[in-house]
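The listed protein sequences correspond, in order, to chains L and F. So in the numbering used here, the last one in the first sequence is 817, and the numbering has no gaps at all. So in the numbering used here, the last one in the second sequence is 934, and the numbering has no gaps at all.
Wrong hints could be hidden among the right ones.
[What the hints assert, rightly or not] To give an idea of the interface, some chain F residues facing chain L are shown, with a C-beta separation under 8 Å as derived from the structure: (1) Arg676; (2) Leu677; (3) Ala679; (4) Glu680; (5) Val729; (6) Gln731; (7) Tyr771; (8) Ser772; (9) Leu799; (10) Glu803; (11) Val822; (12) Thr823; (13) Lys833; (14) Val835.
I should point out that these hints are in silico values taken from the structure, not numbers from a laboratory. Being a predicted model, the structure only gives us computed values, none of them experimental. Beta carbons are placed, not taken as given, at the ideal position from N, Cα and C, and that holds for glycine.
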Amino acid sequence: MNSTLPAAIAAVPDARGRFGRYGGRFVPETLMFALEQLDAAYREAKADPAFQAQFRRLLTDYVGRPSRLYFAERLTRAAGGARIYLKREDLNHTGAHKINNALGQALITQRMGKRRVIAETGAGMHGVATATAAALFGLECRVYMGSEDVRRQALNVFRMRAMGAEVLPVESGSRTLKDATNEAMRDWMSSVETTHYIIGSVVGPHPFPMMVRDFQSCIGEETKQQSRELFGKLPDVIVACVGGGSNAAGMFYPFVDEPTVELVGVEAGGRGPRTGDHAATLNNGRPGVLHGSFSYVLQDDDGQTADVHSVSAGLDYPGVGPEHSYWHDLHRVRYCSVTDREALDAFHLCGRLEGILPALETAHALVEALRIAATRSPDDVVVVCFSGRGDKDCAEVARLTEQATT
Amino acid sequence: MNPIDALFTRLRAEKRAALMPFVTAGDPDLAFTQQLLPAMAEAGADLFEIGFPFSDPIADGPVIQASYTRALRNGLKLADVFRTVQQVHHSGPVQTTPLVAMASYSLIYRMGAAAFIDTAQNAGLCGAVLPDLPVEEADDFATLAHARNFHPILLVTPTTSPARAEKVVKVGRGFVYVVSVVGITGTRDTLPAELREQIRRLRNLTDLPLCVGFGVSKPEHVRELQGLADGVIVGSAVVKRLENAANDRRSAMTAACQFIQELRAAIG
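Bound-form chain L, shown alone (with noise of 0.2 Å):
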């Protein structure tokens, strides 16, 4: 094992939400109440056995969990070696791994006697999830979303809609998640007496990137007791795709004190690693602050966030939780990227093989995990986290698909 690596990986963040030098908080002023209050509220509520059942709960009856860690045989033929194993995500209730996260933080809502929530979202599936445990709980919703990936997600516009969210498109900047982001923490600056801002990854001030990372924990801790069931051991190496990182953060942060899992963390690498083609954030960029923590970040010289460009809307982001930083740093975490082509193509080779049409975002960790897989031998035990489904980018990859064809 590394011998720099500190006694327990895990135990982070420390008070002040820092993960080795990254998180913290950089916000303005008067967001500095809410999150202490959330802190505060969030600390309670995960010693509450009785908050812990109702998540449970929660977890069990309404999303379905646990979910399938699924042999993958005609995948682990076509890449000829360790056998792939999907931790099925995209068979919970709304289609991905986020509604874990969004029911979580709404119940830290209904805890701090708030009546109102607000989201952003990329790809959609934060704003569903948020829209569904809103309605849910009968809470007020309202999600930004950038107007091109309204644009690329109509389909989650509508599922948002029909709960009875509102969908605001932010038209600032690149139009995209960074600036759907940049529109919530704006609204959440003048409502944050009333509003709790339900972030959809383990980015932000401290304490989101803990609170996003425990909600998520549930993926890994579930694929620990399915390892041991199914195989006897723990899996040889687990590949999660990462744009904030949520769905990897809750897949890892259980094995990260486990040195014979390996950890590998797949970016967008877009159209190339050109600057503005790409948003594999850990690959090509370097510590920066940007939307409330300190982490690793697409910028220019001058501190100026850089043009970010992936397929999947998603994974489209300049920046990543600081808590992967801090992996990235110990070496505890690979971090690849992977292609807009490439990941396509295994969106397509998922579906015509598994009958499985994974996310784009998922597509990605699908093509890294292939690559490994062919290198191993048969006893070796791959692990994907299938953070999604697939139905939301079907018209984006029917288009996409279309105009390379003419």
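We have chain L already, so just place chain F on it with the hints.
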């Protein structure tokens, strides 16, 4: 003595509040900013807050964000902002008007806090408002700034607890930026009633000048604040008058200067 301290010493003797307009550097270009600042100084501005355009401002409302976007559209670089500020500082009526940077910590971290302060001082800036650096994270920057007599200016809002306000006035220098409302920058019809109480509490904590911003947009607001606050910060309402500068420079500049004159007259 830091020019900010000199300004407030003088104005306290004159028993009047400082008029502190905010201007986005490079909106629509730096040549305009270079002409605008001396004209506004002549019209009655006592101190300038120079907004450093940032791609992802979260504390600012739509008016200021749009001005940042306009400024960045033409590839504005920080080095150009500093160069222009330096030129303005060494010419005409702005020589005696303190200049303060308003810059996101994202920009400052990338440049390095020490390098930022040194470059800023070299350009004639004598302090910086850091809208996204709460006091808990401000130690490193503040220590460097204190050692160089460069004033870190921190904010207090209606949601700031008394314990945190105490920390803020300990770390901050020059003046306390008193945010009058919960929310983002932008113009509002009336100033909140609680503001008087907020200022009274702060007076008990500190001798630092208290300057009120966020939502100050009318001569009536300024009249209300004269005698209550040591300074009045006017941001969005100024930037709003400059929105169309790219198409009609002269009208935009005239409108902004006229507005400053009206506000200055309201201070008395």
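To see whether the hints hold, each was checked on the structure:
1. Hint status for Arg676(F): violated, given a least beta-carbon distance of 28 Å to chain L, over 8 Å.
2. Because the closest C-beta pair between Leu677(F) and chain L is about 25 Å apart, greater than 8 Å, the hint is violated.
3. A distance limit of 8 Å between C-beta atoms decides the matter here; for Ala679(F) the minimum to chain L is near 31 Å, and the interface restraint is violated.
4. Interface hint at Glu680(F): violated, since its Cβ lies 30 Å from the closest Cβ of chain L, which is beyond the 8 Å cut-off.
5. About 12 Å separates the beta-carbon of Val729(F) from the nearest beta-carbon of chain L, more than 8 Å, and the hint is not met.
6. At about 7 Å, the closest approach between the beta carbon of Gln731(F) and any beta carbon in chain L falls short of 8 Å, and the interface hint on this residue holds.
7. For Tyr771(F), the shortest C-beta to C-beta distance to chain L is roughly 5 Å, which falls under 8 Å, so the interface hint holds.
8. For Ser772(F), the suggested interface contact is upheld, since its CB lies about 4 Å from the closest CB of chain L, less than 8 Å.
9. Restraint check, Leu799(F) versus chain L: the minimum CB separation of about 6 Å is within 8 Å; hint holds.
10. At its closest, the beta carbon of Glu803(F) sits 6 Å from a beta carbon of chain L; the interface hint therefore holds under the 8 Å criterion.
11. Because the beta carbon of Val822(F) sits about 7 Å from the nearest beta carbon in chain L, less than 8 Å, this interface hint is met.
12. Interface hint at Thr823(F): satisfied, since its Cβ lies 5 Å from the closest Cβ of chain L, which is below the 8 Å cut-off.
13. Residue-level restraint check for Lys833(F) is violated (minimum Cβ-Cβ distance to chain L is 11 Å; threshold 8 Å).
14. Contact between Val835(F) and chain L, as hinted, is not supported at the beta carbon level, the nearest pair being about 13 Å apart and thus beyond 8 Å.
Hint compliance for this structure: hints 1, 2, 3, 4, 5, 13, 14 are broken, all remaining hints hold.
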